[in-house]
Amino acid sequence: MAAETETAIRARGLTRRFGKLVAVDHVDLTVQRAQVYGFLGPNGSGKSTTIRMLCGLLLPSEGDIDVLGLNIPRDAEKLKRRIGYMTQKFSLYEDLTVQENLEFLAAVHDIPRTPTRLRIEELLERYWLKDRRDQLAGTMSGGQKQRLALAGAVLHKPELLFLDEPTSAVDPQSRREFWDSLFELADAGTTILVSTHYMDEAERCHRLAILDEGRLVADGAPRDLCAQLPYSVWLIECAAPRKAQQRLQNVTGVIALAQIGAELRVLAERGSVDAAGLQEQLSTAGIDAQVRQGAANLEDVFVAATHRKPHDAVAEVA
Amino acid sequence: MSLRRLLSIVVKELRQLRRDRLTFAMIVGIPTMQLLLFGFAINLDVRHLDSAVLDQANTAHSRELIAELGASGVMNLRYSLTVPQELDDLLRAGRISAALVIPPDFESRLERSDRPALQIVVDGSDQVVQQAARQLAAYPIERLRNPAAVTRQNVEIVNFYNPERRAPVNTVPGLVGVILTMTMVMFTAMALVRERERGNLEMLIATPVSPWELTIGKVLPFVGIGLVQVTVVLALGWLIFSVPIRGHIWEVYVAALVFIVASLSLGVFLSTLAKSQFQAMQLAFFTFLPQILLSGFMFPYAGMPRAAQWISEILPMTHFLRLIRGIALRGATLADLWPELASLGAFIVVVLAVAVTRVSKRLD
Chain A
-2 MAAETETAIR ARGLTRRFGK LVAVDHVDLT VQRAQVYGFL GPNGSGKSTT IRMLCGLLLP
58 SEGDIDVLGL NIPRDAEKLK RRIGYMTQKF SLYEDLTVQE NLEFLAAVHD IPRTPTRLRI
118 EELLERYWLK DRRDQLAGTM SGGQKQRLAL AGAVLHKPEL LFLDEPTSAV DPQSRREFWD
178 SLFELADAGT TILVSTHYMD EAERCHRLAI LDEGRLVADG APRDLCAQLP YSVWLIECAA
238 PRKAQQRLQN VTGVIALAQI GAELRVLAER GSVDAAGLQE QLSTAGIDAQ VRQGAANLED
298 VFVAATHRKP HDAVAEVA
Chain B
29 MSLRRLLSIV VKELRQLRRD RLTFAMIVGI PTMQLLLFGF AINLDVRHLD SAVLDQANTA
89 HSRELIAELG ASGVMNLRYS LTVPQELDDL LRAGRISAAL VIPPDFESRL ERSDRPALQI
149 VVDGSDQVVQ QAARQLAAYP IERLRNPAAV TRQNVEIVNF YNPERRAPVN TVPGLVGVIL
209 TMTMVMFTAM ALVRERERGN LEMLIATPVS PWELTIGKVL PFVGIGLVQV TVVLALGWLI
269 FSVPIRGHIW EVYVAALVFI VASLSLGVFL STLAKSQFQA MQLAFFTFLP QILLSGFMFP
329 YAGMPRAAQW ISEILPMTHF LRLIRGIALR GATLADLWPE LASLGAFIVV VLAVAVTRVS
389 KRLD
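Chains A and B, in that order, give the protein sequences.
Letter by letter, the first sequence follows residues -2 to 315 in the working numbering.
Letter by letter, the second sequence follows residues 29 to 392 in the working numbering.
Do not rely on the hints blindly, as some may be mistaken.
In silico DSBU-like links for lysine-lysine, alpha-carbon gap of 35 Å or less [stated by the list, open to error]: (1) A/Lys142 x A/Lys127; (2) B/Lys303 x A/Lys142; (3) A/Lys154 x B/Lys303.
Just so you know, the hints here were simulated from the structure itself, not pulled from any lab data.
This structure is a prediction, so every number in the text was calculated from the model and none was measured.
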């Protein structure tokens, strides 16, 4: 395998401190070319800081970064011609029109005028912005702004695209369309690093890194991460899921409990409990319950990796 | 430095400016408003002071004197008093700012001319009033007794350049400096910080744009705006207040251009200190006050204490005022005034050099 030449991003021991706070703590990353690589993590887990360091916008406190064969931050200026960066907050000009924003970005990237015109037409077409051409960017909806931002980020056909929580301000339909666009770009050879806090988006990535409090806590293909999870999932159907949750909170081996609809989802160490055991525990508390085994999903991986509660309850296990 | 990138920033900036109605209105509104306010309100040649008369002599001569002084137009004799106490009360209440007091022994004082025959009481809390009263003190009382008496003036003051002593002639050229200082420093500092505050900068620094392309591109449109403002002030000053431009008009524009660049440099420097547009505005005002007060626009340079004069020499507006007053009013040339141009040049070099070290293309 020509793994080395196919690497787009390689970071070792990446660390960034802001005063006493360690925002990114010795993160190792390897991203292959033409992959959609996801960063999953709660707010403040260091996703944005990591992306900024990889683009050369922020100096790392420690660690080595190699992006597209360039040493960062030393070659950051060279890198800027080859990457696209879509910020978390809409960062094009709200008081310019769609067309004006794109023309400005083309000039900033030194694209000559004639190719610019063709490229802008192509992008307006591809991202359904043709009839918005003369609209001020500030007056568009979240989904439209995000499509414009993506068009702006790929205008100069970058080899590598950084997207920082691109879908945080858009509706589910736009999110789906947006992800289709990302795969279209990846198929054409663009490497994409995208951060998110949506599980369904994380699930679609080729590969995923889970960040928590600045540390890399899990890394792999979503399916592998689920399969390798050393925990089993139990689904409990009963009349009083909240009561059942309280009852099971301190049972040895239980990592996390979450009510999903009328069901209680239990994440427990493999072999520590079984269906019959759980049922018995509950019936001693007077709860009549149906217990069956479920399949681990990415949310379980996330919860196990971060020991955080995605919904409401968490059992602390030493 | 790429010309295409630089131009694209200028074009973008102009497009944004065109849509920002408020700023656009301020560009022309501020100079017009200030010109009218300063031109009409600042008038150090005081006339029509509300005054009272306390004539304790009430002779033919004293009445003649009162009539003559009243006719001079400096005083507006509104009250005729009989008791000195009334005078005190009127002054304190601010109803009058001066009073003529003629003592009961007016005639004998005139005769012997050993003691002043006329007293003018003024409200000394206002310096300008004091100065006006001083003109009245020069009145030749001698002539009351002997109209043929020749009063000799020992010193003659010859007023070059502004013989009618009209205040706008002095203030309007200075106003060009005030307006440029106010708008150039503040607009640039705010425009540069705006990009950071709105988050555009994070997108921009991930592109090949260099910080200097960005800074220069954003500042260039303001050079044009500054020149428009200079034109507005000088044209209105000429039309409304007949303020002359005795030197070459192109030299006025060269001086203004150099001063605009100096003010823009200051704005760029301030933008590197400010974190928000509001802070940028505060910083701009912080530099604006000393420029107005110490440059010689408000108070004459010669009257300032030594330390204030040193500060004054650092301020770009001081030098610009000397330049524009020199060229517009005295018909001087830039060659006559080269030290002022050199000072402005030094200011630009130093301030820009400091700003360069602070403009960074990273987020930290």
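Tested hints:
no.	hint	in the structure
1	A/Lys142 x A/Lys127	holds (13 Å)
2	B/Lys303 x A/Lys142	holds (26 Å)
3	A/Lys154 x B/Lys303	holds (33 Å)
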